[in-house]
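Protein sequence lines, in the order shown, are assigned to chains A and B. Convert by adding 302 to the 1-based position in the first sequence; the result is the number in the numbering used here. Convert by adding 25 to the 1-based position in the second sequence; the result is the number in the numbering used here.
These aren't lab readings, by the way, just hints derived from the structure by calculation. Glycine included, every Cβ here is placed at the ideal spot set by N, Cα and C. Among the hints, a few may not be true.
Said to hold, decoys possible - One-sided excerpt, in silico: chain B residues whose CB lies under 8 Å from chain A:
#1 Pro245
#2 Glu250
#3 Gly288
#4 Glu332
Unchecked claim - Label-pair distances were calculated between CB atoms; the ranges are:
#5 B:Arg90 - A:Pro536: 47 to 57 Å
#6 A:Cys608 - B:Glu317: 26 to 36 Å
#7 B:Arg164 - A:Pro634: 54 to 64 Å
Claimed, not checked - From the derived model, a few chain A residues whose C-beta atoms are all more than 12 Å from chain B:
#8 Thr349
#9 Asp382
#10 Ser396
#11 Asp423
#12 Ser438
#13 Arg453
#14 Gln533
#15 Phe535
#16 Asp609
#17 Pro634
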Amino acid sequence: MDIASYRPVDCDVHIMPPSDMRFLLPYFDAYWHDHMTSRGAEKLALTLTSYPPNAPMTCRADWRAAGPLDVKALGRDALDPYNTRFAICHTLHSAQILYSEDMAAAVCRAMNDWISREYLDKDARLRAAIVVPAQSPELAAEEIERMAADRRFVEVQLLTLNEMPLGRRFYWPIYAAAEKHGLPIGIHAGSTYRHAPTPIGWPSHAVEDYIALSHSFQSQLLNIITEGVFQKFPTLKIVLVEAGFTWLPSFLWRADKGWRGLRRETPWLKESPARIIRDHVRFTLQPANAPPDPAMLERVIEQIDCDDVLLFSSDYPHWHYEANEVIPEGFPKQLLQKLLIDNPLATFTRLADARTQVPEMAQ
Amino acid sequence: MSIDTAPRMTKEAKTQLGIVDCDIHPMSKTGGEITRFMPQRWREHAAVFGSNIRQGYAGSQPYPRMSPGTARADAWPPGGGPPASDLPFMQAQHLNPNNVDYGILHPLRLGPYDQRNQEFGAAMASAINDWQLEDWIGRDKRLRGSIVVTPDWPEAAVAEIERRAGQAGFVQISWGPQAMEPGGRRRYWPVLEAVAASGLPVGLHIGGQPGRAPTSGGWPSYYFEHHFHTMPAMQSLVTSMIFEGVLERLPALRFVLVESGFGWVPSLAWRMDQHWHRMRAEVPEVKRPPSEYLREHFWFTTQPIEEPEQPQHLRDIIDWIGWDRLLFSSDYPHWDFDDPAYAFKISLSPEEKHRIFRGNASAFYGLD
Chain A
303 MDIASYRPVD CDVHIMPPSD MRFLLPYFDA YWHDHMTSRG AEKLALTLTS YPPNAPMTCR
363 ADWRAAGPLD VKALGRDALD PYNTRFAICH TLHSAQILYS EDMAAAVCRA MNDWISREYL
423 DKDARLRAAI VVPAQSPELA AEEIERMAAD RRFVEVQLLT LNEMPLGRRF YWPIYAAAEK
483 HGLPIGIHAG STYRHAPTPI GWPSHAVEDY IALSHSFQSQ LLNIITEGVF QKFPTLKIVL
543 VEAGFTWLPS FLWRADKGWR GLRRETPWLK ESPARIIRDH VRFTLQPANA PPDPAMLERV
603 IEQIDCDDVL LFSSDYPHWH YEANEVIPEG FPKQLLQKLL IDNPLATFTR LADARTQVPE
663 MAQ
Chain B
26 MSIDTAPRMT KEAKTQLGIV DCDIHPMSKT GGEITRFMPQ RWREHAAVFG SNIRQGYAGS
86 QPYPRMSPGT ARADAWPPGG GPPASDLPFM QAQHLNPNNV DYGILHPLRL GPYDQRNQEF
146 GAAMASAIND WQLEDWIGRD KRLRGSIVVT PDWPEAAVAE IERRAGQAGF VQISWGPQAM
206 EPGGRRRYWP VLEAVAASGL PVGLHIGGQP GRAPTSGGWP SYYFEHHFHT MPAMQSLVTS
266 MIFEGVLERL PALRFVLVES GFGWVPSLAW RMDQHWHRMR AEVPEVKRPP SEYLREHFWF
326 TTQPIEEPEQ PQHLRDIIDW IGWDRLLFSS DYPHWDFDDP AYAFKISLSP EEKHRIFRGN
386 ASAFYGLD
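Construct the entire structure; sequences and hints are all you get.
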């Protein structure tokens with residue numbers, strides 16, 4: 303399907319940072335530069351267990367073969383083929399896993415400055431999610447405050463699995479800062495491995511961890527709803543990034559059924575979970591986890607029963623499809639305008655003002 | 026042929042075929058009712074030290090339920106004791122009026138597979154099995170039992186399976202999927218081999234206190250979430266059995282997943298297939314698309330029934346899973362009980378009704 307004529311907004315592409323932190327040294331202040339080098343910590347690997355760097359799912363073979371996964375490759379392989387208007391970069395790395403809140407915050411600061419300099423400054427189509435130390439919501443909120451002036455940062459990035467479920471009040475300072483600056487929260491597939499990656503323990507294989515992420519997203523989404531995040535922050539939007547979406551209908555039914563039976567427990571939920579999700583929660587396209595028959599995908603989208611929730615994403619360079627087949631077969635043509643343009647612009651409101659403004663320089 | 030699912034007890038109804046209820050939770054009036062089947066050493070242990078599992082509450086559930094005893098308000102026997110502890114009352118309230126021809130028991134009391142003292146847990150499991158035979162199956166010919174075992178002590182589980190599999194009245198082997206490790210891992214293979222040799226299916230009813238958070242993202246706050254978490258847990262269980270290669274090694278295994286929904290089954294199949302295709306070099310023992318193993322080895326009970334916003338969407342889901350894979354269950358006496366007359370919000374053809382309320386379970390368990 304040719305989507306270049308839409309000039310789409312790609313809501314999930316990946317910056318693939320180098321495997322250790324030496325590239326961040328110029329971005330640390332004197333204390334953290336000395337701290338890292340004196341401990342040898344700058345040589346620590348940044349890669350996440352959630353994405354084994356050489357595994358097939360982590361990078362498509364032709365893109366891997368084409369050379370370094372830098373800003374040029376991103377533009378050439380992810381943006382040029384679709385005539386992409388904007389692409390929102392997510393950066394998965396281990397600052398979100400460190401046990402020291404202060405070190406995590408220092409690495410996130412350096413990473414955001416590096417993203418700004420090495421990606422956003424070099425390709426005007428790129429936008430990014432602010433990486434934050436979720437280990438300390440106060441420090442995460444400080445980082446949001448620091449970065450919010452650069453309007454090329456259009457989202458705040460969290461990982462799916464942390465120390466506590468993401469709806470817990472512990473995390474609310476992050477949501478308060480994000481809402482204040484009109485930044486959606488992007489919860490991106492991945493785990494800090496504070497808990498076993500499945501509710502039944504540690505599986506043997508990376509592919510099981512990855513499969514389990516979609517049901518981990520379900521647990522997180524239910525927690526975010528039941529804790530009342532959207533009652534406390536009524537203009538907040540949450541984007542589930544790389545979570546899959548074909549599980550959504552059964553989740554909506556189950557969440558509504560549970561709410562009908564158990565709403566005495568969470569009396570602040572005046573509306574059904576399905577209604578709350580359709581108003582506040584968005585889902586990126588890839589991996590589509592589409593059914594084998596295109597007609598079944600049409601049925602799934604009919605079951606979701608909301609044209610506003612899906613956002614186009616390529617998930618570059620993760621390997622979910624071949625060639626330019628980023629739109630799964632069976633996706634309704636009449637929804638393309640919504641998927642590719644309208645829904646992303648409505649979700650990431652900073653994109654709309656960026657269309658008419660020359661991006662300001664990073665702080 | 027027609028199945029009578031109307032909540033009435035008339036002569037006319039009795040002339041029609043009854044249903045098979047694949048999830049009934051018998052309770053004991055007292056702990057002693059079960060521990061009387063234990064050796065003296067463990068009876069004394071139970072009396073002095075009691076249950077010792079991996080949670081902070083010695084004697085209650087970590088998430089308080091929204092109704093006493095997790096039960097329907099009307100399920101408390103007038104003669105005393107907790108819901109479903111009084112067979113005559115269960116007969117009068119559920120088995121007779123709902124025309125239950127067979128009821129499959131899932132005893133949840135005590136949590137034998139969770140006991141940190143594994144020898145105590147194994148003694149408890151065996152006592153629960155004796156209790157089912159003597160107090161339930163022996164007193165109502167409609168009831169069938171689950172052989173409760175403790176897979177985290179595989180030798181004890183294997184011994185219990187071998188001892189019980191030939192005893193009349195038991196139709197499946199059961200444990201809680203929230204064990205110490207994902208169910209397909211190697212530590213459980215001796216148990217799964219014994220199951221396969223027995224010819225009996227496995228009925229996995231959600232449960233277990235493995236000392237982990239019930240979600241992969243930590244401890245949730247509400248019972249609402251705890252009630253939901255059975256579905257992520259069962260999805261991981263299915264994934265584990267398939268990706269560990271268990272079903273390649275033991276093709277005779279059959280699982281029925283109890284009380285954990287079924288709306289998630291198609292989307293899990295699609296996701297497993299897509300990512301297996303990409304990552305199959307990691308799991309060479311998985312020789313076929315995961316959805317094929319799912320289709321061949323797993324059945325699902327219906328309660329708590331899926332309730333799509335548009336009722337006809339339930340038909341899509343069942344079409345995608347297979348009409349031969351759903352077994353009706355009521356979950357009596359729990360608060361989210363499904364009444365066989367009202368649970369399905371779509372109209373079923375006589376053939377569809379027969380399969381879900383009787384035929385599939387009869388074939389699965391080898392009932393008449």
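Is the nearest CB of chain B more than 12 Å from the CB of serine 396 of chain A?
For serine 396 of chain A, whose nearest Cβ neighbour in chain B is about 18 Å away, the distance exceeds 12 Å, so it holds.
Taking 26 to 36 Å as the hint, is the beta-carbon distance of cysteine 608 of chain A and glutamate 317 of chain B inside that range?
Holds: the Cβ-Cβ distance is about 32 Å, inside 26 to 36 Å.
The hint says 47 to 57 Å between arginine 90 of chain B and proline 536 of chain A; measuring C-beta to C-beta, is that right?
31 Å, violated
Beyond 12 Å from every Cβ of chain B: is that where the Cβ of aspartate 609 of chain A lies?
15 Å, holds
Could you let me know if the closest chain B CB is still more than 12 Å away from the CB of serine 438 of chain A?
16 Å, holds
Quick one: work out the minimum CB distance from proline 634 of chain A to chain B and report holds if it exceeds 12 Å, violated otherwise.
Per Cβ check, proline 634 of chain A is outside 12 Å of chain B; nearest 16 Å; holds.
Glutamate 332 of chain B was flagged as interface toward chain A. Is the shortest Cβ-Cβ separation under 8 Å?
5 Å, holds
Range agreement (Cβ of proline 634 of chain A with Cβ of arginine 164 of chain B, hint 54 to 64 Å):
With a Cβ separation near 58 Å, arginine 164 of chain B and proline 634 of chain A satisfy 54 to 64 Å, so the hint holds.
Does the claim that glutamine 533 of chain A lies outside the interface with chain B hold up, using a Cβ gap greater than 12 Å?
14 Å, holds
Have a go at the glutamate 250 of chain B hint: is there a Cβ in chain A nearer than 8 Å to its own Cβ?
At about 5 Å, which falls below the 8 Å cut-off, the nearest Cβ of chain A leaves the hint on glutamate 250 of chain B intact, so it holds.
Could you let me know if the closest chain B CB is still more than 12 Å away from the CB of threonine 349 of chain A?
17 Å, holds
For phenylalanine 535 of chain A, is the shortest CB-to-CB distance to chain B above 12 Å, so the non-interface label stands?
Nearest chain B Cβ is 17 Å from phenylalanine 535 of chain A, so the label holds.
When the structure is compared with the earlier hints, a violation turns up for hint 5 alone.
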